[in-house]
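**Student:** Read top to bottom, the protein sequences are chains B and D.
Each residue of the first sequence is one higher than the one before, counting from 1 in this note's numbering.
Each residue of the second sequence is one higher than the one before, counting from 707 in this note's numbering.
No lab work stands behind these hints: they were computed from the structure.
Do not rely on the hints blindly, as some may be mistaken.
With a straight-line Cα cutoff of 20 Å, these simulated EDC-like cross-link-like pairs (lysine to aspartate or glutamate) come out [stated by the list, open to error]:
(1) B:LYS677 <-> D:GLU794
(2) B:LYS677 <-> D:ASP737
(3) B:LYS15 <-> B:ASP637
(4) B:LYS683 <-> D:GLU849
(5) B:LYS589 <-> D:GLU764
(6) B:LYS677 <-> D:GLU838
(7) D:LYS750 <-> B:ASP634
(8) B:LYS677 <-> D:GLU727
(9) B:LYS210 <-> B:ASP227
(10) D:LYS750 <-> B:ASP637
(11) B:LYS412 <-> B:ASP87
(12) B:LYS348 <-> D:GLU753
(13) B:LYS119 <-> B:GLU98
(14) D:LYS750 <-> B:GLU588
(15) B:LYS398 <-> B:ASP87
(16) D:LYS836 <-> D:GLU727
(17) D:LYS818 <-> D:ASP737
(18) D:LYS750 <-> B:GLU636
(19) B:LYS201 <-> B:GLU231
(20) B:LYS677 <-> D:GLU796
(21) B:LYS398 <-> B:GLU480
(22) B:LYS413 <-> B:GLU563
(23) B:LYS502 <-> B:ASP513
(24) B:LYS80 <-> D:GLU753
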Amino acid sequence: MDVSQYLDIFIDETKEHLQNLNTHILELEQDGENMDTINEIFRAAHSLKGMAGTMGYKRMQTLTHDMENVFSEVRNGNIKVDSDMIDLLFKCLDALEEYLSTIQETADEGTNDNEPLVKGLNDILNAKKGEEAPKEEKKTKKSEKKSKKEDKEEKADDDAKAKWRDIKIDDTVKTVISEAAKNNIKAYGITVYIQESCLLKAARAFLVFKALEELGEVVVSVPSAQDIEDESFGFDFSVIFMSDKPLDQIIAAVKYVSEIQDAVGGEVSLDEPEKEAEETVNEGVPAVAEDVPAASTASTQAPAKAANTSAAAPDKKSGKPVVNRTVRVDIEKLDSLMNLVSELIISKNSLVSVAGSVVGTSNLAFNEQIEYLESVTTNLHESVMKVRMVPIENTVNKFPRMIRDLSKKLDKKMELYMTGEDTELDRTVVDEIGDPLMHLLRNSADHGLESAEVRAQRGKPEVGSIFLDAYQDGNNVVIEVRDDGNGIDIEAVKNKAIEKGKITQEMADVMSDKEVIDLLFQPSFSTAKVVSDVSGRGVGLDVVKSKIEALSGEIEVKTKLGEGSTFIIRLPLTLAIIQALMVVVGNEKYAISLGAIQTIESISPSDVKKVQGKEVINLRGAVIPLVRLNRILDLEDVNDGSRDMIVLIAKKGDRLAGLVVDELIGQMEIVIKPMGKYAGTTKLISGATILGDGEVALILDANALI
Amino acid sequence: MEELAISSEITQYIKIRLGDEFFGIDIKYVDNIVRMQHITRVPKAPEYIKGVINLRGEVIPVFSLRLKMGIEEIEETKSFRIIILKYEGESVGIIVDEVREVANVSADDVEKVFHNTSEGIQNFLSGVGKTENGLISLLDINEILNDKAL
Chain B
1 MDVSQYLDIF IDETKEHLQN LNTHILELEQ DGENMDTINE IFRAAHSLKG
51 MAGTMGYKRM QTLTHDMENV FSEVRNGNIK VDSDMIDLLF KCLDALEEYL
101 STIQETADEG TNDNEPLVKG LNDILNAKKG EEAPKEEKKT KKSEKKSKKE
151 DKEEKADDDA KAKWRDIKID DTVKTVISEA AKNNIKAYGI TVYIQESCLL
201 KAARAFLVFK ALEELGEVVV SVPSAQDIED ESFGFDFSVI FMSDKPLDQI
251 IAAVKYVSEI QDAVGGEVSL DEPEKEAEET VNEGVPAVAE DVPAASTAST
301 QAPAKAANTS AAAPDKKSGK PVVNRTVRVD IEKLDSLMNL VSELIISKNS
351 LVSVAGSVVG TSNLAFNEQI EYLESVTTNL HESVMKVRMV PIENTVNKFP
401 RMIRDLSKKL DKKMELYMTG EDTELDRTVV DEIGDPLMHL LRNSADHGLE
451 SAEVRAQRGK PEVGSIFLDA YQDGNNVVIE VRDDGNGIDI EAVKNKAIEK
501 GKITQEMADV MSDKEVIDLL FQPSFSTAKV VSDVSGRGVG LDVVKSKIEA
551 LSGEIEVKTK LGEGSTFIIR LPLTLAIIQA LMVVVGNEKY AISLGAIQTI
601 ESISPSDVKK VQGKEVINLR GAVIPLVRLN RILDLEDVND GSRDMIVLIA
651 KKGDRLAGLV VDELIGQMEI VIKPMGKYAG TTKLISGATI LGDGEVALIL
701 DANALI
Chain D
707 MEELAISSEI TQYIKIRLGD EFFGIDIKYV DNIVRMQHIT RVPKAPEYIK
757 GVINLRGEVI PVFSLRLKMG IEEIEETKSF RIIILKYEGE SVGIIVDEVR
807 EVANVSADDV EKVFHNTSEG IQNFLSGVGK TENGLISLLD INEILNDKAL
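Let the sequences and hints guide you as you build the complete structure.
**Tutor:** Here's what the structure looks like:
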């Protein structure tokens, strides 16, 4: 058996555990006494160690093992958490992340032993040992984690747990055993219990077998080796094992495998099987009698076990459904499901259009079915979309740690406040949004927040605040990065732009604040006077902007000098299928995302006014610039001015614009198709879609029009 | 013997017509040949890009080979075809006046000398091939699709 098939699970799980550790160690820094947090850390470290061990990553295992030891001492109250220790732990996490990324690339952990870290951890342990060596010495050893009391209970359970007694030993095996006995080789029965939290049962079992085979020979296993390899067994398995080594040594070897809860064993005596069976029967469980000849599997033994004293069995039953509630699915499978849903929607749209075009099909039942189909496909799309949605939590959870490190590095006091971590976005978007957000946060920490002295002068609290708020707003998800720092200095930006030759003094004089801020998003524009290690490495806000635009999102800045700035990112919930408004401009059909449109107005041509040479309308008190789509799209004017105009009021941030179209077709669910790099599209066109009649319609990007 | 080995290198070209001149497109780039269909115009695109079409659910850009090579456009006729090319993973359609046949051109019969072709067109050619049915100018697909102007 090969463990490489578990690599993906391993990587995923390890990431989760590392994130978990990061979060909790941060909490620990705040509250070094919180037992829940400490326990959580201990568990995560322990699982990490177990997983690394299973996968054969020795260096990773060593490091986590030492970390676990430290946590164990913290948990026992023998070590107090201090800031040096927290720093060291964070360094360990970084080292583990390094291992993980090496593993991800090469399936190997690399050769970095991280000796200084291991030494640091051991120093912590040893420092403590110096004080209380006699009392606690034993506890650092892995096998001693259980308390005395538990040990006793286990003794009592041993008999009930010794399922190996139920293994039927057939004649050939008996012969082998008696032959071996002549050579002083004993036969043992061993039942191994795997922790129920264990994910890689088969892998653990494999390691147990490997350990056993070093000491002797497995002659019978229940369930069969094949079943164990296929993971078709409960949380225990039993073997008959031949060895000349003492039982203690064998049991110890088995228990040394991580995530093994327990192993019980005894010598198999060929004379007594009958008696053993009777004993169990006497306990009043009829099923056991059948179990013996059937060499039964774990499932049939479960009732017998439940009837005995062990409390583990009922626990197992109630716990299981919870575990099975979630399924890990490869994102590619979801992508292909999404594609199929897209195809279905296109084909539904053609059906609708066929139904509309065939004259005389006023068949009520047919139309009803079409409508039903429409609602099913819409729901289907929504469900698939929801399946692809993940909370942004996984991405933003690393930020508190980052801010902590930045705080130390920049020597500024700051605190990150996050809300809405449970806001969900399409998985692909969540994966991509991390870098831009990280950049904005660094930006806030480095450029935004003032030094302590300046803050004091301005009467601001010494500790700077950075906020990351996420929330859903209609079909969009909004993520705001806000700080209470200096804000953007418009004049400084202007001067910088002039200095860089981006604009002239004359241009600068007439520029609005908004236009000046937009300059920040141009390539290689950094206002920081000192290029620091943290930000301003030439990768600027332009990269943030292009990344967000690649996700069909937009970014906006609000700032007030001396009070702080807010970067507002708006992202669409889904990328593939949108609700769109179909319109006709000239003689061409276009789709416009419904999300961008506020209202649809009918405006008389006589209501169009000119302000500074630009056409505007006055709508309920708001002056809105008009965008004549036919002119922008190089099409002829269809409306000669005698009819009312159809104007779509579109919104981008806090700006409005009236898009003039010639005809409305209606609302439609459209599938966005990429157009390829050869289509020569400009920013105006955000994609294409296939209409019910098979024709291609282009999707206008309302944002680019405003 | 050596000569024989070289002459056995035969490349297949799709022989197409633009006006009264014949061109060959290396068959390895050709994914499909379809009839003319409704093309959706892409505003603001360069003139030779005629727009996009729907080919079995995929949106594919289409451009006029005539305009791309600087030849004057003519009224669409029934013989017009769109040749769908697959180039570096992207599909592109090019409109030609007519598709004639598959021509086998041996590497020996390709010359780098151009007769009767204007200089503008020469930039898009990789050579001239001799076939049983006369000469065909071999199109350099890299040059046609990899143009900086795209």
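**Student:** Run through the hints listed earlier and report the numbers of any the structure violates, in increasing order.
**Tutor:** 3, 4, 6, 8, 12, 17, 24
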